[in-house]
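Enquirer: Take a look at the letters that make up each chain.
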Amino acid sequence: MVGSIAAIGAGLAVIGAGIGIGQVGGKAMEGIARQPEAASKIQTAMIIAAALIEGAALFGVVVSLLGLQV
Amino acid sequence: MDCSHVFKFKVNRLIVVFALFLAFFSVASPAFAQVDSAVVAQDTAVVAAHAEEAAHGGEHGSKKFEPTKVIMEHIADSHMWHLWGHTSLPLPVIVYTQAGLDVFSSGNFHHGEHDYTSAKNTYRLVEDQVKIVGADGQIDEAATAHLYDISITKNVAAMFVAVALILIVFISVAGAYKKRVGKSPKGLQSLIEPIIVFVRDDIAKPNIGHGYAKFMPYLLTVFFFIWINNMLGLVPIFPGGANVTGNIALTLVLSLGTLLIVNLNGNKYYWKHILLPDVPWWLYPIMIPVELIGIISKPFALMIRLFANITAGHIIVLSLISLIFIFETLAMAPVSIAFVLFMDVLELLVAFLQAFIFTLLTALFIGMAVEEHH
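Residue numbers (my numbering), protein chains in the order written: chain A, 6 to 75; chain B, 72 to 445.
Hints are computed from structural coordinates only; laboratory data are not their basis.
Just so it is clear, the structure is predicted and the values come from calculations on it, not from any experiment.
Hints may contain errors.
[Unchecked claim] Okay, the calculated beta carbon distance ranges per label pair:
(1) A:Gln48 to B:Gly280: 17 to 23 Å
(2) B:Ile319 to A:Ala38: 24 to 30 Å
(3) B:Tyr219 to A:Ala43: 38 to 44 Å
(4) A:Val68 to B:Trp352: 35 to 41 Å
(5) B:Gly183 to A:Met34: 49 to 55 Å
(6) A:Ala38 to B:Trp342: 41 to 47 Å
(7) B:Lys140 to A:Ala50: 38 to 44 Å
(8) B:Trp342 to A:Ala43: 17 to 23 Å
(9) B:Ala409 to A:Met34: 24 to 30 Å
All residues carry an ideal CB built from backbone N, CA and C; glycine is no exception.
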């Protein structure tokens, strides 16, 4: 039972990150399409933002992992 | 014509390597009796042995496969470095107890089956934890509470391998720069130079700005240390296979380095921003604690990010391998190996990306701390 609740927690965390990274990626694509010459700058900023979002999601995953072990 | 000759030679060499690889695993696979290997490719061989065993009801009988336990065992640290089958490399156990410092080989435990009696205490390995055994043969909890385990574990040994690798590469490259002043780079130099230039031009310069050179040694060290350890973690055979960057203690030390460098180099604008922000005075009780938490939370996020990314990658790979045991059929093997291959390629990207992100965010935080306002 604890295992499945932890899995639901991890899943919820991933939904948030999915929406977030999807938004970042989509907007970056739009930006690059408008201004291809700014591609490298946009990519760097995109990776930073994606990493920050991913960090938040991984907090959730780590917590659900801890929940699994207890 | 020359080209085709070279091509043929390369293909031959590839065939030989592949044949040796296959031969190694076909010889090794019967040796695997239980899933205790620390590495992924070995896991595939283990898989075969284990699946066979499951089908024939093997000598272990109907022992139930517990994926969570197996996966946690694989990503955790260990007192011995598993090589293949029942062969492990014993590593030194260094424990500090009330009776004093004790150093012995973990081979004395015989995979936790035997107790080891030194001049000072009797030790037992319980689930990879060194415990002190009392005179009555039971674990002495009171004495164990005062046991400090500073052993050279698998992760520490793997870190030594990575450090040795980094030293070999960079001492030779640095030597080449001294010897070949003003000439074009050669050999290993031409491999490393673009990466160093990448760290300097794409990470340090845009984020730190003026005075970036002071921080280059730290940024380069962190970048190459994380990257090499990430990649060694993906290598399934001996010198790799340890989950070094997926160990929270290691990422904690790395992020402590960032915390210290950022705060020791913070200028007056940085501290003013934290202690006397430009907000109405009655907001200070909220703003100052938030800013102070921000000092800690930034490196804390770095720590969790690296740890969770690498650990999650290893867990996914091991879960895919575990699918074979869960379904208890060899028919699952091709599917799971295909997925594992895909994940490993993805992990190769993640290995670089995490080293990049860690260095980039460190540079960003340093940049925020040393920024001059006019």
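Enquirer: Which numbered hints turn out to be false for this structure?
Expert: The structure conflicts with hints 2, 3, 8, although it agrees with all the remaining ones.
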